[in-house]
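J.: The task is to assemble the complex, starting from two chains supplied on their own in separate frames and drawing on the hints.
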Amino acid sequence: NAGVMQNPRHLVRRRGQEARLRCSPMKGHSHVYWYRQLPEEGLKFMVYLQKENIIDESGMPKERFSAEFPKEGPSILRIQQVVRGDSAAYFCASSPRWEDYGYTFGSGTRLTVV
Amino acid sequence: EDQVTQSPEALRLQEGESSSLNCSYTVSGLRGLFWYRQDPGKGPEFLFTLYSAGEEKEKERLKATLTKKESFLHITAPKPEDSATYLCAVVPYSGGSNYKLTFGKGTLLTVNP
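Residue numbers (our numbering), protein chains in the order written: chain A, 1 to 114; chain B, 1001 to 1113.
Just chain B, same shape as in the assembly (with noise of 0.2 Å):
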């Protein structure tokens, strides 16, 4: 069964302080990982695609890499509206389902001005 870890489970930061959130993965073949962004009330943000180990992807203060275990998502000097849940999700090869996010439980960040 695929699973995704989410770790830390809360993670509170000072305006600036730069820090990594990190998506453990385990999946019989990984066709994509997903980063999202949550804000309170509202449903998921689409933030970034990942297909294969090494790769990058940047957004703004926003860095997502890929190993063949596990993705980072490192926040660079973050500010009080980067304030979110942040959710990991994969998809697999596996033949007929390969279209099923399986989610993370996510990691709340909280950025203090």
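Looking at chain A on its own, in the form it has when it is part of the complex (with noise of 0.2 Å):
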């Protein structure tokens, strides 16, 4: 079992460019989140979502985010024309059920926005 992969490890985009980072969940988990850290800051929830809906996107700031998590592929966290403000470590995790609460984490996404 390979856990949850993330991927890329390290992203570098210059300012007003598009970000795409992807997860792939734990097999047989149907349940992936997206918390993203920043520097000097505790891990803050972003998106919910479960096979092709979202369940809660409270977290995400509504300009120029989005997350999907299609029936076939990885979920996918999009950032559009990224700002300094962006960068930071974005985490996914998964669970094989909601009330599941020992989620496993991907090694995450480093943004650094230039």
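Among the hints, erroneous ones may be present.
To be verified - What follows is a list of derived Cβ distance ranges for each label pair:
| no. | chain 1 | residue 1 | chain 2 | residue 2 | range |
| --- | --- | --- | --- | --- | --- |
| 1 | A | E63 | B | G1016 | 38 to 44 Å |
| 2 | A | V114 | B | E1055 | 42 to 48 Å |
| 3 | A | Q81 | B | A1077 | 50 to 56 Å |
| 4 | A | P70 | B | E1081 | 35 to 41 Å |
| 5 | A | R15 | B | E1017 | 44 to 50 Å |
What the hints assert, rightly or not - The list that follows gives simulated cross-link-like pairs (lysine-lysine, DSS-like), each with its CA atoms no further than 30 Å apart:
| no. | chain 1 | residue 1 | chain 2 | residue 2 |
| --- | --- | --- | --- | --- |
| 6 | A | K51 | B | K1042 |
| 7 | A | K44 | B | K1068 |
| 8 | B | K1069 | A | K44 |
| 9 | A | K27 | B | K1042 |
| 10 | A | K71 | B | K1042 |
| 11 | A | K44 | B | K1057 |
| 12 | B | K1057 | A | K51 |
| 13 | A | K44 | B | K1105 |
| 14 | B | K1105 | B | K1057 |
| 15 | B | K1057 | A | K27 |
| 16 | B | K1042 | A | K62 |
| 17 | B | K1059 | A | K44 |
| 18 | B | K1068 | A | K27 |
| 19 | A | K62 | B | K1105 |
| 20 | A | K44 | B | K1063 |
To be verified - Some, not all, of what chain A presents toward chain B, calculated at C-beta under 8 Å:
| no. | residue |
| --- | --- |
| 21 | G42 |
| 22 | F45 |
| 23 | Y48 |
| 24 | D56 |
| 25 | Y101 |
| 26 | Y103 |
| 27 | S107 |
| 28 | G108 |
Derived from the structure by calculation, the hints contain no laboratory data.
For clarity, every value in this text was computed on a predicted model and none was experimentally measured.
The C-beta atom is built at its ideal place from N, Cα and C for all residues, glycine as well.
T.: As structure tokens, this is what we get:
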């Protein structure tokens, strides 16, 4: 079992470009959560998805950010027109059920906006 | 709003020197409290779940306890490989968002040989 796979591990984007972060959950896990870790901050919830459905995106900025978890393929977190403040580590977690809180986290994608 | 405060921010111990990390929380109703370990450049690794006051969980040199207002992570005779950031998180009972983990900022533990 390969665990939660995130790629790329590191991503550098210039201001105004788009960033696409990918997350493949553990086998058998249909619940995916994205968290963001800003420097000197704790992990913050962004969005909760199940296959083909966004359950809760209340932690995600309303502009420029979007997420999807298609029937086939990984979950994608997309950030359009990135700004310096988007620089952070983005973590994906998965679980087999929403109430199974021992989430398995991926190693994260570290986004740097220059 | 749910809040989690961890102390100290950083702790430096000598190998074998036992200590405790604190996690204070404010939540409307606690569904669960979670401890994670995070190594540099890695994602959080799940350690324990605690659901009710008085509950205790143990794993190797780590022991987590829970009261109505705080949780402690006791580290007995730590080794250098226990060095990491330890994160505490809570999930409330509130309807509609009882899957969101609210994290503290963590305690950076360094164990010197």
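J.: Compare the structure with each hint and give your call.
T.: Now the hints, each set against the structure:
1. A C-beta distance of roughly 52 Å is found between E63 (chain A) and G1016 (chain B), which places it outside the suggested range of 38 to 44 Å.
2. Checked against the given bound of 42 to 48 Å, the beta carbons of V114 (chain A) and E1055 (chain B), roughly 47 Å apart, stay inside it.
3. For the pair Q81 (chain A) and A1077 (chain B), the supplied restraint of 50 to 56 Å holds, since their beta-carbon distance comes to about 52 Å.
4. Look at P70 (chain A) against E1081 (chain B): about 40 Å separates their beta carbons, and that is inside 35 to 41 Å.
5. In this structure, R15 (chain A) and E1017 (chain B) meet the distance hint of 44 to 50 Å, their C-beta atoms being roughly 47 Å apart.
6. Between the alpha carbons of K51 (chain A) and K1042 (chain B) the distance comes to roughly 25 Å, so the proposed pair stays at or under 30 Å and holds.
7. A threshold of 30 Å between alpha carbons decides the hint, and for K44 (chain A) with K1068 (chain B) the separation of about 23 Å falls inside it, so the pair holds.
8. This hinted pair checks out: K1069 (chain B) and K44 (chain A) have alpha carbons roughly 21 Å apart, not beyond 30 Å.
9. About 20 Å separates the Cα atoms of K27 (chain A) and K1042 (chain B), which keeps this hinted pair within 30 Å; it holds.
10. Distance restraint check for K71 (chain A) and K1042 (chain B): the Cα-Cα separation of roughly 28 Å lies within the 30 Å cut-off, and the hinted pair is therefore satisfied.
11. Between the alpha carbons of K44 (chain A) and K1057 (chain B) the distance comes to roughly 26 Å, so the proposed pair stays at or under 30 Å and holds.
12. Between K1057 (chain B) and K51 (chain A) the CA atoms are separated by roughly 33 Å; this puts the pair beyond 30 Å, and the hint is violated.
13. The suggested pairing of K44 (chain A) with K1105 (chain B) holds, with an alpha-carbon distance near 10 Å, which does not exceed 30 Å.
14. About 22 Å separates the Cα atoms of K1105 (chain B) and K1057 (chain B), which keeps this hinted pair within 30 Å; it holds.
15. Annotation: proposed proximity of K1057 (chain B) to K27 (chain A) holds, straight-line Cα distance about 27 Å (limit 30 Å).
16. Of the pairs offered as hints, the one joining K1042 (chain B) and K62 (chain A) holds, with about 28 Å between alpha carbons and a cut-off of 30 Å not exceeded.
17. Taking the CA atoms of K1059 (chain B) and K44 (chain A), the gap is about 27 Å. The hint holds against a cut of 30 Å.
18. Our distance criterion of 30 Å between C-alpha atoms is broken by K1068 (chain B) and K27 (chain A), whose separation comes to about 36 Å.
19. For a cut-off of 30 Å, the pair hint linking K62 (chain A) to K1105 (chain B) stands: about 24 Å separates their Cα positions.
20. Distance restraint check for K44 (chain A) and K1063 (chain B): the Cα-Cα separation of roughly 26 Å lies within the 30 Å cut-off, and the hinted pair is therefore satisfied.
21. With its C-beta approaching chain B no nearer than about 4 Å, G42 (chain A) sits inside the 8 Å limit, and its interface hint holds.
22. With its C-beta approaching chain B no nearer than about 5 Å, F45 (chain A) sits inside the 8 Å limit, and its interface hint holds.
23. For the restraint placing Y48 (chain A) at the interface with chain B, the shortest Cβ-Cβ distance is roughly 6 Å, inside the 8 Å limit, so the hint holds.
24. A distance limit of 8 Å between C-beta atoms decides the matter here; for D56 (chain A) the minimum to chain B is near 7 Å, and the interface restraint holds.
25. Because the beta carbon of Y101 (chain A) sits about 6 Å from the nearest beta carbon in chain B, less than 8 Å, this interface hint is met.
26. For Y103 (chain A), the shortest C-beta to C-beta distance to chain B is roughly 7 Å, which falls under 8 Å, so the interface hint holds.
27. For S107 (chain A), the shortest C-beta to C-beta distance to chain B is roughly 5 Å, which falls under 8 Å, so the interface hint holds.
28. Below 8 Å, beta-carbon pairs count as interface contacts, and G108 (chain A) has one with chain B at about 5 Å; its hint therefore holds.
Checked against the numbered hints listed earlier, the structure breaks hints 1, 12 and 18; every other hint is satisfied.
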